[in-house]
Amino acid sequence: MNEETRPDMTINGSGEVGGGQYRDITINGSGVINGEVNCRRLTINGSGRVNGLVTGGAVTIHGAGKLDRLQQVDALHIHGAGTIQDDSSVKELQVDGTASFQHSITAEGVEIHGALTVHGDCTAEHFTARGGFAIDGLLNADTIEIILHGDCRAREIGGSTIRAALPKHVAGLDKLLHALTNHRHTLTADTIEGDDIQLEQTTAKVVRGKRIVLGAGCNIDLVEYSESFEASKEAQVQAQTKVGG
Amino acid sequence: MTDELIAKKDLLTLVGISYGQLYRWKRKGLIPEEWFIRKSTFTGQETFFPRGKVLVRIEKILQLKEDASLDALAELLSVHPLQVALSGAALVSRNIVTAASLELFRRQAGELPTLTFAQILAVFLLETLLRSGEISREEGEMVLGLLLEQAEVCRDGACEVMVLRKLGVSTCCLLAGATAVLVESGTKIVARLPLAQYIEQLKLLLSEGE
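In order, the protein sequence lines correspond to chains A and B.
Mapping of the first sequence onto our numbering: position 85 corresponds to residue 85, and the numbering continues sequentially without gaps.
If you count the second sequence from 1, you need to add 1000 to reach our numbering.
Think of the hints as simulated: they come from the structure by calculation, not from any bench.
Here the structure is a predicted model, which is why all the values come from computation and not from measurement.
Be aware that a few hints might be false.
[Unchecked claim] A short, non-exhaustive set of chain B residues, derived as facing chain A with CB atoms under 8 Å:
1) Lys1009
2) Ser1018
3) Tyr1019
4) Gly1020
5) Lys1026
6) Arg1027
7) Lys1039
8) Ser1040
9) Phe1042
10) Gln1045
[Said to hold, decoys possible] Okay, the calculated beta carbon distance ranges per label pair:
11) Leu1182(B) x Glu125(A): 44 to 50 Å
12) Thr1179(B) x Gln238(A): 38 to 44 Å
13) His103(A) x Ser1185(B): 26 to 32 Å
[Claimed, not checked] Within a straight-line C-alpha distance of at most 25 Å, the following computed DSS-like cross-link-like pairs (lysine-lysine) qualify:
14) Lys205(A) x Lys1065(B)
15) Lys91(A) x Lys1009(B)
16) Lys1009(B) x Lys1065(B)
Positions of the beta carbon are idealized from the N, C-alpha and C atoms, including for glycine.
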């Protein structure tokens, strides 16, 4: 069926409907969709739940959304709170609120301004974080850029370019707030592996790569590099070795 | 079936690739998820690979990536069937199967203008088994019949074909999702072929002549 000729579906207030093929689905209030859904746009304002696979265009959550699984979705924007139950893949994932993936998430681009929790692996080409994240498995992306605004952790991190740095300007009020709330600006991982690695405020057991630069606040048990290694005076490194050729 | 393991960093030094490349290949599915084996060592968790398999795979990727994109490679190395339709004559002339095995196929499936991937795979497995000298022609026909009948099961490659013999009587079966097979003492496992491996071989053979 042509996307343009499909019907729209809107739930205003509270309602429960079956799945199917739609053009635009909007939930204003509280809605439940039972079954597989293919649509151009799915917008949840309020609270929404989809018990079934979602495929298609753009999914936006403004309030609270609970989705089973997403496949071949162009964009997933979470402005409120989103929970995704199963392994999912989307092109672009943007998290401005909190997102929680109970399994793994695969995307081309991941951008986090809020908080991301992944209980499996997080796979992307470009991963940018300006918030916090907790990934129980592997964070695997070609470029990983983390501006440390919160507590960031992953069991393993792997990619080509991996950067973690404190924000350039932490405003005075921010500083005070963070000091009062014991807010952490750190990255923690078991292993970090890549070609070009630049880290600040990072705790890891092992960091392996071609070119490694460690800045202030790093606490690394073992560094293995093949081309170059620099560490700031404010970085603690237990052991370092040059490997390979 | 146990393969010697190689640590990730030793592998990278040995084949001269970088972490960035390895993680990229992992993302593209060029190296199967189940080959990443996490083990605990004195430095914490480390990743190991089945040495033989991963070395063959990396050599293949390095050799093919000159003229194919990573996505095309991923398609080639995955177990998903290729969209192909080739005539029996083309298969023989490209040395994928011999005229003798093709004849056995014709006897069962009749004269077809072209063969699908599943059919080519069945003939290819028959060819492999016959060439190994481990099975007879009659047993070959039986295996072929099974593979053609169960083409759907063979699709995902997560199964094995097994030929069994007891007191001169043979039978064959497809193992889908079995981890161990225990047979009674008088029974001999004559041949056991993991399909995924042959799907991969066949895909490479088919893509070479294009």
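Q) Does Lys91(A) pair with Lys1009(B) here, judged by a C-alpha cut-off of 25 Å? A) Violated, at about 31 Å.
(Q) Less than 8 Å between beta-carbons is the criterion; does Lys1026(B) satisfy it with respect to chain A? (A) Since the shortest Cβ distance to chain A is 6 Å, the answer is holds.
Q. Does the interface hint hold: is Gly1020(B) within less than 8 Å of chain A, judged Cβ to Cβ?
A. This hint holds: Gly1020(B) lies near chain A, its Cβ roughly 3 Å from the closest one there, short of 8 Å.
(Q) Please check whether Tyr1019(B) passes as an interface residue: C-beta within 8 Å of a C-beta belonging to chain A. (A) holds (4 Å)
Q.
Does Lys1009(B) hold up as a contact with chain A if the rule is Cβ-Cβ below 8 Å?
A. holds (6 Å)
Q) Can the hint on Gln1045(B) be confirmed by a CB-to-CB distance to chain A that is less than 8 Å? A) holds (6 Å)
Q. Going straight from one Cα to the other, do Lys1009(B) and Lys1065(B) come out at no more than 25 Å?
A. Satisfied, since the Cα-Cα distance of roughly 22 Å is no more than 25 Å.
Q) Can Ser1018(B) be said to touch chain A, with a Cβ gap under 8 Å? A) holds (5 Å)
**Q.** Residue hint Ser1040(B), partner chain A, criterion CB-CB below 8 Å
**A.** Because about 11 Å separates Ser1040(B) from the closest Cβ in chain A, which is outside the 8 Å limit, the hint is violated.
Q. Quick one: are Leu1182(B) and Glu125(A) within 44 to 50 Å, going by C-beta?
A. holds (46 Å)
Q) Does the Cβ pair Thr1179(B), Gln238(A) satisfy 38 to 44 Å? A) Holds, since Thr1179(B) and Gln238(A) (Cβ atoms, about 41 Å apart) stay within the stated range.
Q | Range hint compliance [Cβ, His103(A) to Ser1185(B), 26 to 32 Å] | A | Distance hint for His103(A), Ser1185(B) is violated at roughly 44 Å.
Checked against the numbered hints listed earlier, the structure breaks hints 7, 8, 9, 13, 14, 15; every other hint is satisfied.
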